[in-house]
Structures are given as C-alpha cells and as structure tokens.
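Colleague: Going down the list, the protein sequences come from chains E and V. Under numbering that gives the first Met the number 0, the first residue of the first sequence carries the number 0, and numbering increases by one thereafter. Under numbering that gives the first Met the number 0, the first residue of the second sequence carries the number 0, and numbering increases by one thereafter.
To be clear, the hints were calculated from the coordinates, so they are not data collected in a lab. Heads up, a few of these hints could be off.
For chains that are exact copies, the list does not tell them apart, and a pair is met inside one copy or across any two.
Unchecked claim - In silico PhoX-like links for lysine-lysine, alpha-carbon gap of 20 angstroms or less:
#1 Lys32 to Lys238
#2 Lys287 to Lys306
#3 Lys238 to Lys284
#4 Lys9 to Lys208
#5 Lys305 to Lys34
#6 Lys275 to Lys305
#7 Lys208 to Lys238
Keep in mind that this is a model prediction, so the values were computed, not measured.
Number of protein chains: 2
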Amino acid sequence: MIFMSAELSKRILQGDVRAAASLMSRIENGDAKAKAVLRTLYAHTGRAHVIGVTGAAGTGKSSLIDRMIAEYRRRNKTVGVLAVDPSSLFSGGALLGDRIRMRDHFLDDKVFVRSFATRGGTGGLSTAIREAIYVLDAMAKDVILVETIGVGQDQLEIAALAHLVVVVLAPEMGDEVQAMKAGLAEIADILVVNKADLPGGDATFERLKALFADGDISIIAASALRNEGIQSLLDSIDKHRTRSLGNGSYQRNRLRLYRQEVLSLLRERLIAEWEKRIGGAALDKQIKLIAERRTDPYSAVDELVKKIGL
Amino acid sequence: MIFMSAELSKRILQGDVRAAASLMSRIENGDAKAKAVLRTLYAHTGRAHVIGVTGAAGTGKSSLIDRMIAEYRRRNKTVGVLAVDPSSLFSGGALLGDRIRMRDHFLDDKVFVRSFATRGGTGGLSTAIREAIYVLDAMAKDVILVETIGVGQDQLEIAALAHLVVVVLAPEMGDEVQAMKAGLAEIADILVVNKADLPGGDATFERLKALFADGDISIIAASALRNEGIQSLLDSIDKHRTRSLGNGSYQRNRLRLYRQEVLSLLRERLIAEWEKRIGGAALDKQIKLIAERRTDPYSAVDELVKKIGL
Numbered sequence: 000m001i002f003m004s005a006e007l008s009k010r011i012l013q014g015d016v017r018a019a020a021s022l023m024s025r026i027e028n029g030d031a032k033a034k035a036v037l038r039t040l041y042a043h044t045g046r047a048h049v050i051g052v053t054g055a056a057g058t059g060k061s062s063l064i065d066r067m068i069a070e071y072r073r074r075n076k077t078v079g080v081l082a083v084d085p086s087s088l089f090s091g092g093a094l095l096g097d098r099i100r101m102r103d104h105f106l107d108d109k110v111f112v113r114s115f116a117t118r119g120g121t122g123g124l125s126t127a128i129r130e131a132i133y134v135l136d137a138m139a140k141d142v143i144l145v146e147t148i149g150v151g152q153d154q155l156e157i158a159a160l161a162h163l164v165v166v167v168l169a170p171e172m173g174d175e176v177q178a179m180k181a182g183l184a185e186i187a188d189i190l191v192v193n194k195a196d197l198p199g200g201d202a203t204f205e206r207l208k209a210l211f212a213d214g215d216i217s218i219i220a221a222s223a224l225r226n227e228g229i230q231s232l233l234d235s236i237d238k239h240r241t242r243s244l245g246n247g248s249y250q251r252n253r254l255r256l257y258r259q260e261v262l263s264l265l266r267e268r269l270i271a272e273w274e275k276r277i278g279g280a281a282l283d284k285q286i287k288l289i290a291e292r293r294t295d296p297y298s299a300v301d302e303l304v305k306k307i308g309l
Numbered sequence: 000m001i002f003m004s005a006e007l008s009k010r011i012l013q014g015d016v017r018a019a020a021s022l023m024s025r026i027e028n029g030d031a032k033a034k035a036v037l038r039t040l041y042a043h044t045g046r047a048h049v050i051g052v053t054g055a056a057g058t059g060k061s062s063l064i065d066r067m068i069a070e071y072r073r074r075n076k077t078v079g080v081l082a083v084d085p086s087s088l089f090s091g092g093a094l095l096g097d098r099i100r101m102r103d104h105f106l107d108d109k110v111f112v113r114s115f116a117t118r119g120g121t122g123g124l125s126t127a128i129r130e131a132i133y134v135l136d137a138m139a140k141d142v143i144l145v146e147t148i149g150v151g152q153d154q155l156e157i158a159a160l161a162h163l164v165v166v167v168l169a170p171e172m173g174d175e176v177q178a179m180k181a182g183l184a185e186i187a188d189i190l191v192v193n194k195a196d197l198p199g200g201d202a203t204f205e206r207l208k209a210l211f212a213d214g215d216i217s218i219i220a221a222s223a224l225r226n227e228g229i230q231s232l233l234d235s236i237d238k239h240r241t242r243s244l245g246n247g248s249y250q251r252n253r254l255r256l257y258r259q260e261v262l263s264l265l266r267e268r269l270i271a272e273w274e275k276r277i278g279g280a281a282l283d284k285q286i287k288l289i290a291e292r293r294t295d296p297y298s299a300v301d302e303l304v305k306k307i308g309l
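Just chain E, same shape as in the assembly (with noise of 0.2 angstroms):
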C-alpha cells in the first residue's frame, strides 16, 4: 500500500499499523521521503519509554521479551518492539525463528513488532533504528523494546539509544561475568540472570551481586519459560525511570542523543554537498596518481581539500 507523505504521518499518529509497517520500510530502505514525514511526526515524539534488551545468543532473551510484553499488556500499556539482527554471513534460520515466536502477539493490534537486518549498507542501521523509535513514539506506544544481539559497533550504538538498557545473560555464564565486569558497567542498567532455575543460576545471580554490590545495577533473577521474575523486572525498569527523571540523568541522556544525531545527520549532509563539490575528474585523478604510487591517500586527500578551498 502507497500513502502520500501526509496521509502517512496523519495514520500514523492514529496508530495506524499498516501505515507504520509502511514508514519503516522506507526507513530500512534509506528513501529520503521517510524524512519528510518523520519532521512532521517529530513533534509528537518523546513521550514513550525505549528499553534496549541485550544479550548473546542461547540466553532466551526473545522468550524473556515476549513474557515483558505480555506482562505490560496486562498492566494496560501499548508496546512495540524493534528487533535488530546484525549483519552476518553465517546467519542461518535461528535468529529468524525467535521473530517468529513474537508473531504470538501479532494478533493484539497494541503491540507492533518490526525487525531490521541490514547487510553490506552504510552502516545506517543504527538510524534506521533512531527513527523506527520515533515512529513507534509518534503511534503513542508506551513503551518502546529495542533487542539488540550485543555484538559489533552497530549494536552498541543502537543499545545507546535507549533510556535504560537490560542486559541478559545465562546460568552457564557464571565463570565469564568477571571478564565482562567493565562492558558490563558500561552499558547496563539491569542485569538479568534469565533461566535462573537451571543449575548455575543461583550461583550466576549471587557472583553479579558481589560484583555490582557498589553500583547502580538492578540485579534481577528470572524465568522466562516459568513466567518468574517478569513482574520484578518491570518493577525495576519502573524504579529506574522515576529515579533517572528525578535526578535529572534522564534529561542529561536524553541532550546526548539529540547532539549525537544533530552530528549524525549533519555529517551526512556536509559529505553528500562536498563530494559534490570536489568532483568525480579530481577525484579520479588523484586515485590513478595512488596506484602508480606517485602519490599516498594522507596527500591525496590534501589536493582534494585545497582544491575546494579548506
């Protein structure tokens, strides 16, 4: 289905599912049309809560997101779910299967789940991400799941883009919590040891205590096949936000990202004008001058920035 620009932006404030899917296409795509709405939907942004889940492979973290949507559906709140898969040539079926688990929900028309791959693009995944976020905020969810696989760049740009970041991890994963102390730290706000009734789980949750005893992170101990432990995590995710608004953290986060996708979008504009300006004959030249070894790219690109005046 073809909606014009405003036709877009006005279903999509109604919640209009199909006119989302339709938007976010575009986006996935990189059609600079999906700007133009975007700028109107902006507005109506900024109200929702976006939750980043990450966690490697094996640690049942699509099952523990199906459980968090169930559980927010029943305390009334509206959710949509972006699902990242990063780019890989060895991705067979498997991350495709967990897509399909979340289809369980497809069928309440509250819950909107979209997943996104990209492949050898341009590294815009994280963008992409940055405006499924808005249009999803734009539609009046309540809140926003970001699941990411924790690996790569890409992904720990797109985990940075949400207001509070889960991290999950597995009972067998005891021995390695240590070595991941400090990525760790960084990056999350809850833990959440997923599968915590199977052997090595109580051990897993004691060692992340000892580990965060003196920090902010929320440590949680959950079962995702059990349904145990969702209602603490929602609790903590709650707490978290209440406390983050308070202490004005929320807002020092929220500066940041804007700055960082003012630069984002700024970078892409001043490329896109100066690569025009340069020209493809200069650049040609300078490239056949680097293959004769006559010259090196540092020098090269020298030429090329004098030559546009810099």
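Following the hints, put chain V in place on chain E, whose structure we already have.
Modeller: Just chain V, lined up with the frame of chain E:
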C-alpha cells in the same frame, strides 16, 4: 620504546618487529602521529598479498591459520597476521585463547602476529586494519592474513580490504549453507570445509560443490588438526592471484579500495573542519530547541547548514 617518526619509518622498512608493534599501537589508539609515518611508508607498499580469513566461532579458523602460516614458511614466504576481535559485551576469554595459540610462531621472526580489538570507539576499526596492513606490507611481508569473525558491519568492511577472502566452514553447517549462499557468494573467493574428516564433512563439501558449481568460487576440504588440505588451499590461493592479475580483476579491486580509502579520509577531514566552523554555541542552541520540541533534528540541521553558507 618510543621512536621518532623518521626512525620508526626506517626501522619498519628494515622489518623491525618492535618498531612495527609501536606504530600499530599508535594506529589502534588513533594517534595522529601515526599518519605521518604511514605517509612515508606508503611508497613501499602494494606488494603483499592480503588474504582475508573469516568464519564463525567454532570452525577452527585459528588452527587453520596456524597451519597456513607453517606452510607459507615452508614455502619460504614471510607472513603477517592481523586478528580482529569483534567489539562485544560478551567476549570472555575464548578469543584471547585463540591468539595465544598463534604464539607458536612468535619465535619465528619472519612471522608477525597482532590482534586488534576496539570497543565503543568511533567505528574506526576498519581504518586501523587498513593502516596495519600498510605497516606489514612496508615490512615486506609476502603474505598478510587478516582474520575476522564474519559478523557485523565492521567485519564485512575489513574482509573487503583483502585481495582474496577465504571463508571457513564446519561440517555441521551443511544444513545451513543453502541459507548462507547469497552471503557467501558476495564475499568468498575460496570456501574451506575445515574438520572435513568429521561426520558431515563429505556431505557439506558435496553440498557446497553443487551449490557453487557454476561460479568462480573454489571449494576445499581440509583438516587443520590432521594438517590435511593446507597445500591445496595455498595452491588455490596462488592460482586465484595469478588469474585475477591476468584478467584485470585484481587491479579493479585495488582501485575500488583506493577510492574508498580516499573518501573515508576526506570525510574525516571535512567533518572536523565544518564542526569547527559551525561552533559549539549554535549546536547547543539547536539541541535545546529539539529538547523542547520547538524544532526537529532535520530542521535543526537545515539551520546549521544555512549558517555556514551551504
């Protein structure tokens, strides 16, 4: 040990391992002085054969590289190895273990091994690897092996720096190769089924043969453990080099890489310059307007760009 630039450059051209390690640390830390040294080294590059070796965890990639190094040494070639750890929250000690194995070759001064891992940086990992390749090339290494994990945008960019890419697969991946076909076709020049003597090895090999019957991709069965198939792999790599030099694809690939490099250096320079010209106060003002939802990020960029007369 601290070297002056000219001294560093001279020593690297003589193959000095400590000087090379020192420059690589500067590269990894994004030290601007590294560029000055690279500039002087550049004229001495362009001779090494750069081979990407990529594969998922558990395929025995590092053991295979060990065997490749030994065989290259037997053939009297000097070897450099750059191993790229993905930035990950979840990397415990496993990756480091891989690196330690390669130290068998540390006593051989014709083999240089360096591992790179960046976390939370500016996404400059592929730039660092490109520069590290120059260093090894200037040291007159005949062969440079670049090991990556094959997941994430960074890793795909790094694989694209190689003249030829070897993808390592394991026997148990037989069922998944169909799903991976497009990804493999895009990146691989040679596919190696490692551990080919294990159950599923023959079937995976035959399946790959059938899947890529009509293409230019070579399929090799090998066992790093038994030291089998390594000679075929190296012969296949040599044949690929000869063929690609003969039909001009090697040269086209080089030009494409030079272009990417110049554009990426150019972007760094332009961005730094224009951020300076726009100034912090104008940026802060727009960010405040965004936070108050009195503007949106796209209009904010329009304003900033107008300010510098674009």
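Colleague: For every hint, state whether the structure bears it out.
Modeller: Here is what the structure says about each hint:
| no. | hint | verdict |
| --- | --- | --- |
| 1 | Lys32 to Lys238 | neither (39 angstroms within a copy, 47 angstroms between copies) |
| 2 | Lys287 to Lys306 | within (17 angstroms within a copy, 36 angstroms between copies) |
| 3 | Lys238 to Lys284 | neither (60 angstroms within a copy, 32 angstroms between copies) |
| 4 | Lys9 to Lys208 | neither (48 angstroms within a copy, 53 angstroms between copies) |
| 5 | Lys305 to Lys34 | between (33 angstroms within a copy, 18 angstroms between copies) |
| 6 | Lys275 to Lys305 | both (15 angstroms within a copy, 17 angstroms between copies) |
| 7 | Lys208 to Lys238 | within (18 angstroms within a copy, 57 angstroms between copies) |
When each numbered hint is compared with the structure, violations occur for hints 1, 3, 4.
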